[in-house]
Structure formats: C-alpha cells, structure tokens
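Protein chains in written order, with my numbering: chain C, 1 to 461; chain A, 1001 to 1291; chain W, 2001 to 2291.
What the hints contain is simulated information worked out from the structure, not anything from laboratory work.
All of these numbers come straight from a predicted model, not from anything done at the bench.
Mixed in with the good hints, there may be bad ones.
[Unchecked claim] Computed list of lysine to aspartate or glutamate pairs in EDC-like fashion (alpha-carbon distance at most 20 Å, straight line): (1) C:K394 - C:D342; (2) C:K167 - C:D185; (3) W:K2231 - C:D398; (4) C:K447 - W:D2057; (5) C:K184 - C:E202; (6) A:K1119 - W:E2003; (7) C:K184 - C:E359; (8) C:K378 - C:E86; (9) W:K2231 - C:D455; (10) W:K2231 - W:E2285; (11) C:K167 - C:D250; (12) C:K167 - C:E189; (13) W:K2047 - C:E458; (14) C:K167 - C:E202; (15) C:K394 - C:D194; (16) C:K167 - C:D398; (17) C:K321 - C:D283; (18) C:K167 - C:D455; (19) C:K167 - C:E460; (20) C:K378 - C:E103; (21) C:K447 - C:D250; (22) W:K2047 - C:D258; (23) C:K447 - W:E2053; (24) W:K2047 - C:D455; (25) C:K321 - C:E202; (26) C:K321 - C:D398; (27) A:K1119 - W:E2006; (28) A:K1119 - W:E2285; (29) C:K447 - C:D258; (30) W:K2231 - C:D153; (31) C:K184 - C:E205; (32) C:K321 - C:E458; (33) C:K378 - C:E389.
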Amino acid sequence: MDQLKLTRRQMLRMMLAGGSVAALAACGTAPAATTTPTDEPAAPAAATGAPAQVSQTGSTVTITYWGSFSGNLGEAEQAMVQRFNESQNDIVVDYQFQGSYEETAQKYTAGLQANTIPDLILLSDVWWFGFYVAGAISELDGLAQQAGLDFSDYEPVLLNEGNRQGKQFWIPFARSTPLFYYNKDLWAEAGLPDRAPETWAEFGEWAPQLIQREGNTLRRSAFVHPDGASYIAWLFQGVTWQHGGKYSNDDFTMTMTDPNTIRAAQFYQDTVRDLGWATLGQDINRDFLGGAAAAMMASTGSLAGLTTNATFPVGVGFLPKEANFGCCTGGAGLAIPNGIPDEKKLAAMTYLAFATNPEQAGIWARNTGYMPVRISTKQTPDMVAFFEENPNFKTAVDQLPLTRAQDAARVFVRNGDQIIGKGLERIIVNGEVPSTVFADIDAELTKAAQPILEDLREVEG
Amino acid sequence: MALSEEITLTRTLETSWRTPRLWRFAGYLAMLATVIVIGLPVYWTVSAAFKTTGEIYRIPVTWFPAEPTLANFPQAWNAAPFERYYLNSFITTLGGMAAEVTLAIMSAYALAFLRFPRKQLVFLLLLAALMIPVEITIVPNYLTVARLGWINTYAGIIIPGAAIAYGTFLLRQAFLSLPYEVIEAARVDGAGHLRIMFNVVMPMAQPAIVTMALLSMVAKWNDFLWPLIVTNTTNMRTLPIGIFWLRNSEGLINWGVIMAGSLFLIIPVLIVFLMVQRYIVDGIAAGAVKG
Amino acid sequence: MRERREWLLFALLIGPNLFLFGVFTYWPLLYNFYLSFVSWNFLRPRKRFVWFENYLDVFSQPQFWTIVWNTVIFALFSVGLTLLIGLALALLLNQPLRYRNGARAVLFSPVIMSGAVVAVVWSYIFDPRYGLIDQLLGLIGLNSPNWLGDPAWAMPAVIMVYVWKNLGYAVVIYLAGLQGIPRELYDAARVDGAGPWDRFWHVTLPGLSPVAFFLSVTSILATFQAFDIIKVLTNGGPVIATTTLIFHLYDLGFVSYNAGEAGVIAIVLFAIMLILTIIQLRYLEQRVAYS
C-alpha cells in the first residue's frame, strides 16, 4: 500500500506537470491569436538572427518573406535581408525559412485557403507557374515602375521565363544552369586535353580511357547520370535540345515522340547499356567527388561545394554539343502574392529591387554560386576580381547567354519533371525501347497538361 | 523496502536460472552480433559527425575519421538558434506527451474495465484513427488551426496531435492482461473506478505506461512536417526543422554538420531511454508478484 | 442504474480522445472522401463534382496494381520480419546478461534517427561498388547487387532498412510485455517439470499474446503508411519498383496537386487497412490470452 500511495503522488505530480504545459500552450495562444504572417512583425531580429535595430517610426512597413534557402544559402539570404534592413528605415523584411521548394509551395497553397500568406515568396522554376495560373501572384510591372525599377538590365533569358503575355510575374533571383564537370587528375591520367569535350562524339572517344573495370563491375565510370529523383529530366532537357529535339512546344503540345527527342534518349540508354561507360547514380556528387565517376553534368549551384570538398582539381566547361548547343536554366525566383495590401506589395517590390540590383546580385552570386541576374553585374570590379580568382565561375556565367528557358512539359505541367524522369529510368534502368516509353510519357504529359490548359484559357483567354 | 525486495527477487531468479555456460556464451555472442549489425549504421552516423564533409564524400568509406574534427559541432550550433529550438521541442514534446499519456490511460481504462454498449465498435473507431495517413490531414488541419487562430503557437503544434490511438490500444492490452483477481479484490474493498485506476491499475501497468510515454515522446520529438507547416517564424520552430536548416538547399550537402546536428536530436532521447528503461524492464517484477 | 453510471464514466473517459480525433482526424477523412469525388488542384476557387471519374482514372492506370502489389509485399515482409526478429531479440535481451542495457540502447537508437540521415548512411552501405555489403560479399567472392538501382533489389533494400529502423520499437514493446507475465507461472511450470521449450510455448507465448496482437495490428497499419524511408532512400524508384500506395498518394496530392485522385488513394488505403484490422480483431484476438 505504501508503494501505491507513492505512485499516486507521482501521478499527481505528473498531472500537474501536464497541466502546466497545457497552460504554457495556452499562453502561446494568447498573444499570437491575432497573428497572421501578413499583419504582424514577428520579432524580426530574433527570427533572422540579425541585430536589425531599425527605429520603429510610424511609417515602418514590415513584410514577411517566405523562402527555401537553408545552410550556407540561407545564411547568405539572411545577410542580404540584414543589409537591406540596415540600409533604410521604412521597410523591415522578415525572412522566414519554410522548408524545401516543395514545402514552401505546399505551405503557400494552404496559406492561400486560410488567408495566412506572406508578402514576398520564393518560388522555384516548377512552382511559380501554378500559382500564376491560380491568380495567386501579382503582376509586377506597375509595382516595378512605382519602385523605380527598370527591367532592361536583367539577363533576358532569365527574365523572360517569368513573363506571360508581356507581363512580368516572377523575377529571377537564384538561378542556375547545368555545367559539365570533370576530374582533372583522371583527365591527366588518361592523357586527355585539359578541357571539357566539345561534343558528345568526342567524349565518346575519351570515355573508354577514363573507365576502370573489375570483372563485370564498372568500378569507375566516365560519366554519371542522376536518377529521376535527383532531376535527370532537368539535365536531359539540354541533351534533347542538343539533339534537335525537345519535350514540348509552348502551346503544351508534347513532342516526346519527336525522332530527335527519341534519338537523345537512345543516346542516354547507350551510354549506360551498349557503350557501358556511364552509370545512373543516386548521388552524382558523391560519385564524382569519390572518383567513382570522372565527369558529370550538374548545377552551377554545386560549383563551390565541389571545389572545396574535392581532393583533386575540378574542371568545368560548357555542355558538349551534338547537332546544336543546348543548355537550360533552373533555380528559383521571387514573386509577390496577390491579396495583400498595396502598401505591402510596394514594400516587397522595393526589397525585390534591392536584392536584384547589380551590386547585391554580385554579392549573392559570389556567396552562393548562383548566376548574377543583372547584365551589368559582370562588369563590377568585385565581380571581375572574383572571375580572375575563380575562372570556373566565369565559365558558368559565360554560358548563361547561350541558355534557353525550359520546356513547358517539365516546368509548367504538374509533376512533369518526375513523369519524364521515371520514363528515362525505364529506358536506362529497365532497358525498354525509347520510342515506346516516350509514347507513353507523351500521353501521360498530355493528360496532365489538360487541367492546366483549361485554367490557362480562363486566365489568358 | 519495495526496492530491496525487488533486488532479492531478481537475484533469486538469476541464480535459480542456472544457465549453463554454453548457453550464456551463445547469448553473449548473439548480443554482440546484434549490436554490430544494428549498431554499425549508428556508429557510422556518430563517427561522421567528427569528419569533414570532404571525407564523408570520399569513396570508399572511412570507418575511422582520418582527420578527426570537432568543428562540425560549433558550426551546427551557431547556424541556427538551437537553444530556442530545444526549448520549443521540450515544450511541445512534454505537452504532447502529457496529453497523450493522460488520454491513453483514460481511454484504455474505459475500454478494458467499463461496460458500454457496442464497446468493440468504439474500439474500432479509435483504431480507425491509425488508418488515416497524416498526409491527408495536413491541409484540412491547417485550415482548422488557422480558424482557431493557432497558427504559429504551441497550441497549434500540440493539440492537433494530442489524441492517441496506438497508446490507448497498447494500454488496453496491458490492462486486460493484469491479474483480474487484484482488481476484483480492490472493488470488493469498496474502491471506485478512479481509485482503482490510480492505485491499482496504473502501478501494475507501469512498464506499458512508461513504454507508451517513451514512444509518444520519440514521435513528438522527431515530428517534422506538422511543426514546419503550422509555424512561420524561427522562434516557434522545433529541433528537426533546425536540423533541416543545416542542409544546403542546392548543391553539395554538408553532411559533417548535419550529422553533428542530428546528434543534438538523438542524444537527449537516448539519455531518456537509458534512464527509463529500467522502469520498463525491471520495475514491475516486485509489483506483479506482490499483487 | 449502476450500468448507466458506468456508461457515463466510459463516455467521460474516452470522450476527450474521440473529440480530438473527430476534429483533427475523422473530419479530414470525411473532407478527403468528399474530395475524391471532385476535380480540384488545391488552388482553383471552384471544385467540380465528377462522380466516380477519379476512381475510374486511378483504377485504370496500369501502374496502380503494381503499386498495390508493392504495398502488400512491403507490408508483409516488413511486419513479418520485424515481429519475428523483434521477438527473438526481446527474448535475448530479457536474459540476465551483462551489458544488455547498452545493447537495448543500440537497438533503440535507429528508432530516433531521422529518415534523411538514415538514408545517406544506408546509401553508402548499399553502394554496389564500394559499399559495406559489397565489401562483405567480396570476402566470399560475390558481387553486390545494385541494391537501390536495380528494380529487383530495391524493394528488399527498402524492407531491410525499414526493419532495421523499427526493430527497436518492437523489442521495447515485447520487453514490456514480457514483464507482464507473472513469475509464478514460470515457477509453476518448472515445478511441473516443463523444459525451456515448453515454458516458451505454454507460458511466454500466451503471456505475450496481448502485446503481440497489438504489435501485429499497429505494425501493419504503420507499414501501410511508411513514407519517410522510401522517400529519401529510393523516391519510389527505380521507375516504380518501391512506389507504395502512400507514396503514390503523396505524389498525386503534394506533387501533382491532384486532390481528387489523391483522395481516391486515401480512401482505398483506408478501406484496405480497415478490412485487415477487422479481420484481425475477429480472428486473431480470439487467440489472445487475456487474464
């Protein structure tokens, strides 16, 4: 019985503890009950880790900015917000990390229904269009004019991607392109010239010298493709263009069965199966850094990380050509939600103009490895000096004017990227006939595009 | 007093077992094999926290850090306000766990010992909650929580997940397998249901209750998606989101820092596990025998 | 009168739990049921009612049945292996062996580790060229299969990781269950001259049956909803070799923004789980030995 009483007391204590936590939870509720991200400055200093001591004058506008940057990119983003907050006294930007691109988009979707939306949002290449079609993001031309922002200095390829019917909805910010990366040590070992291959045919000649076999196992491949989950459809897009094909036309008619698109797929299959010098890997960066693959195509965003962590000198070059040169853009841009007060929209635009001005675009590019989105950034002294130190980065920037906006099938069709990626896995992993697979994929994409086309007709007429 | 009794009991058990040497040896061998097979990936995670990211990307894998470094820990710690994340995680985990344990004990007692028409159906209704994927609840619950004004609050993190089905089920099983005579005896003594619940059932079912509390704690502590969706600002975020923050959003993943950060998450729970496991495995012997 | 009071107490005890489930779990299910009959992308202001079109669309996709099959295989093997190996390990770690507390902690630690960390560790172990498994197989002159890159091997790999990660759960619950078996039963059996094997069959197994029943029901429900590991380890691939219903649901709902078809999958998933659970309640619970 002695023991039982003790237990009862323990239990009481436990209940009390539970109660106090409940009370705490209730405390959490009270001040925040009226809080939505749109109307309350949620302790920006604590939130961004920045000692943003802005004098709270009556006219200060606080805007909430939802983004997906974490790690070193997140730090670079916070630093930029801090510079902005310190540069003026009218607007306070509160940067809040919302998870990956996907999670940010999901959250914005939920927020739209609950009316808890931010004032500025980062959307990736595959997400902004859906929100545009839904009328959830603002047209920016008028706001830009009010903020005194002129679009003519932006890299046209990047800017035009966010333009529909002559109106701007999405401003390039953290944009990347694919690059050809190679392991200079292995290149030298094989006696190859210290440059990326000009054409795939040339690389086909080099590849046998780069591989290393042990029995049936390819211990080192000449080239590694990512799998569907790590966006093979993004990198393959450029390859289809090089072969004279493409995923789709601008009007959403699919061109997966175009002979040239199929030829590109056949080429990919051959590299792995017939020619046997390439592999398909879950983590291409690891294979490349570990020396299990001599070369790869990967985002310019990986340049800094690869260079620091590699035990060998990393070489980069333009993508190889086939019939043509072909290289797509990627990454994320900024949009301003609809349905927030004009005052906030203008404040968001002011920040957007700051974040993409020639000087800030340069700082951002140097800190992150993303492309400078402004043309004049390339001529700033800091950038010129940076290019001298990092010739690889200059290669990436030099390739930028040659890039092209992505095909609708990948970026505007919901899940288009994964639909194409799974198709490529069928071709490469299962060894299925490319024309059959792409006929299936064509049909699947066409079906997936239907609802978007319907909505688009409503929005654009 | 109870303690000394318990010790003598285990002691007699162990000696009376009189395990032959060979069996004992086989037991240790099996334990060693288990620890190696299960523990190797765990060891790798821990050792990776002491490696540079470059080394983690090296092929083949290095099993001992080539150049051991402690730099990942301060780097992880300084990358985000982890003090705040710990506080938030403690509050939401304790709050969620307390709610779940309380609700589970109440519900399980009702299901095990009280009469109610169509009780089996009520039980199935509770179990049905285990059949609804979290994924489909996120959007509707976000809307509900927004309507309640709980976005970005502790209540918003805790309350939607406070109801408990698996814990109720686990405790129902434990309560049902308690020796019925003891409960009957208490009833004959004139004890009401609440008294039986607190003074008889709960002490006897201690291993199950502690187990349930532990599992509930792990679930709350590791919960990622819902706290991410329902909070907007850094000062309301929990540890798993902090670990996610350490991850580069594009380019190379800085695994060294992430592994260090994931130890922030793992270690407190392991400590709790080590502390409470004796209540799960050794605590009841005395109580059950005493009856 | 007394019965009425008991009913009332029952309702009071179980009410809060059910109320919370009502708001945050059953309501989303109902809402989802409604969504399965509309065409909606989560963004459009208007939902179009389409009757059974979503159902027809989902069922007519050739990959749907592959996905159902994947789900069944994954659940069957994961649950079977977890329950059997878990039982063996629980029995082992219930022996009076030294260091068993440490061994239990090692076994439990994968439960706490985050999915993303687990995935990177295992991707090194599975690497066909440099991974640990390849190195071990190399000792006996075999080559490692391309675990995560070969459709035939990806599912076994995912099951392996899932079992590894969840064994700790099962072991902890079994251990708690083992404590609930009164020692007198063992003593009585020994007096009757029963050997270790007889004691296992006639005392341990029946004594564990309430907990084993709990584990079998909840493990099946959990594996049907296992998402994290698949997401980070294979993303449902290669092609759709490891795509399960819950993964398909995620793809349709959160990637394709097809609320209707995701709703259909959720309903299908719910129906399968409900039927399995009812079967288990009907036929399995009769064999459970409650006191």
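Now for the hints, and whether the structure bears them out:
Proximity of K394 of chain C to D342 of chain C is assessed by CA-CA distance (about 40 Å); at most 20 Å being required, the pair is judged violated. Taking the CA atoms of K167 of chain C and D185 of chain C, the gap is about 48 Å. The hint is violated against a cut of 20 Å. For a cut-off of 20 Å, the pair hint linking K2231 of chain W to D398 of chain C is broken: about 36 Å separates their Cα positions. For the hint pairing K447 of chain C with D2057 of chain W, the CA-to-CA distance comes to about 11 Å; that is within 20 Å, so the pair holds.
The straight-line distance between the Cα atoms of K184 of chain C and E202 of chain C is roughly 17 Å, inside the 20 Å bound, and the hint therefore holds. Restraint check: the Cα-Cα separation between K1119 of chain A and E2003 of chain W comes to about 14 Å, which is no more than 20 Å; the hinted pair holds. A hinted pair counts as satisfied when its Cα atoms are at most 20 Å apart, and K184 of chain C with E359 of chain C does not qualify at roughly 33 Å. A hinted pair counts as satisfied when its Cα atoms are at most 20 Å apart, and K378 of chain C with E86 of chain C does not qualify at roughly 25 Å.
A C-alpha spacing of about 31 Å is found between K2231 of chain W and D455 of chain C, which places the hinted pair above 20 Å, so the restraint is violated. As the CA atoms of K2231 of chain W and E2285 of chain W are separated by approximately 34 Å, the hinted pair breaks the 20 Å bound. For the suggested pair K167 of chain C and D250 of chain C, the alpha carbons sit about 16 Å apart, so the restraint of at most 20 Å is met. Proposed proximity of K167 of chain C and E189 of chain C is contradicted: the alpha carbons are some 52 Å apart, above 20 Å.
For a cut-off of 20 Å, the pair hint linking K2047 of chain W to E458 of chain C stands: about 15 Å separates their Cα positions. The hinted pair formed by K167 of chain C and E202 of chain C fails the criterion: a straight-line CA distance of about 43 Å is larger than 20 Å. Pair hint K394 of chain C plus D194 of chain C holds up; C-alpha atoms about 17 Å apart against a cutoff of 20 Å. Restraint check: the Cα-Cα separation between K167 of chain C and D398 of chain C comes to about 28 Å, which exceeds 20 Å; the hinted pair is violated.
For the hint linking K321 of chain C to D283 of chain C, the alpha-carbon distance of about 25 Å lies beyond 20 Å, and the restraint is violated. At roughly 18 Å between alpha-carbon atoms, K167 of chain C and D455 of chain C fall within 20 Å of each other, so this suggested pair holds. Distance check on the hinted pair: K167 of chain C and E460 of chain C sit about 11 Å apart at the alpha-carbon level, within 20 Å; holds. Between K378 of chain C and E103 of chain C the CA atoms are separated by roughly 33 Å; this puts the pair beyond 20 Å, and the hint is violated.
Under the criterion of a C-alpha separation no larger than 20 Å, the hint pairing K447 of chain C with D250 of chain C is consistent with the structure, at around 16 Å. At roughly 36 Å between alpha-carbon atoms, K2047 of chain W and D258 of chain C are farther apart than 20 Å, so this suggested pair is violated. A distance of roughly 14 Å separates the Cα atoms of K447 of chain C and E2053 of chain W; the hinted pair therefore holds under the 20 Å criterion. The suggested pairing of K2047 of chain W with D455 of chain C holds, with an alpha-carbon distance near 13 Å, which does not exceed 20 Å.
Taking the CA atoms of K321 of chain C and E202 of chain C, the gap is about 10 Å. The hint holds against a cut of 20 Å. With a C-alpha separation of about 16 Å, the suggested pair K321 of chain C and D398 of chain C falls inside the 20 Å cut-off, and the hint holds. Among the hinted pairs, K1119 of chain A with E2006 of chain W is consistent with the structure: their alpha-carbon atoms are about 12 Å apart, no more than 20 Å. A C-alpha spacing of about 15 Å is found between K1119 of chain A and E2285 of chain W, which places the hinted pair at or below 20 Å, so the restraint holds.
At roughly 18 Å between alpha-carbon atoms, K447 of chain C and D258 of chain C fall within 20 Å of each other, so this suggested pair holds. The suggested pairing of K2231 of chain W with D153 of chain C is violated, with an alpha-carbon distance near 41 Å, which exceeds 20 Å. Our distance criterion of 20 Å between C-alpha atoms is met by K184 of chain C and E205 of chain C, whose separation comes to about 17 Å. Only pairs whose Cα atoms come within 20 Å are accepted, and K321 of chain C paired with E458 of chain C is rejected, the gap being roughly 40 Å.
With a C-alpha separation of about 14 Å, the suggested pairing of K378 of chain C with E389 of chain C holds against the 20 Å cut-off.
In the structure shown, a violation is registered for the earlier hints numbered 1, 2, 3, 7, 8, 9, 10, 12, 14, 16, 17, 20, 22, 30, 32, in ascending order.
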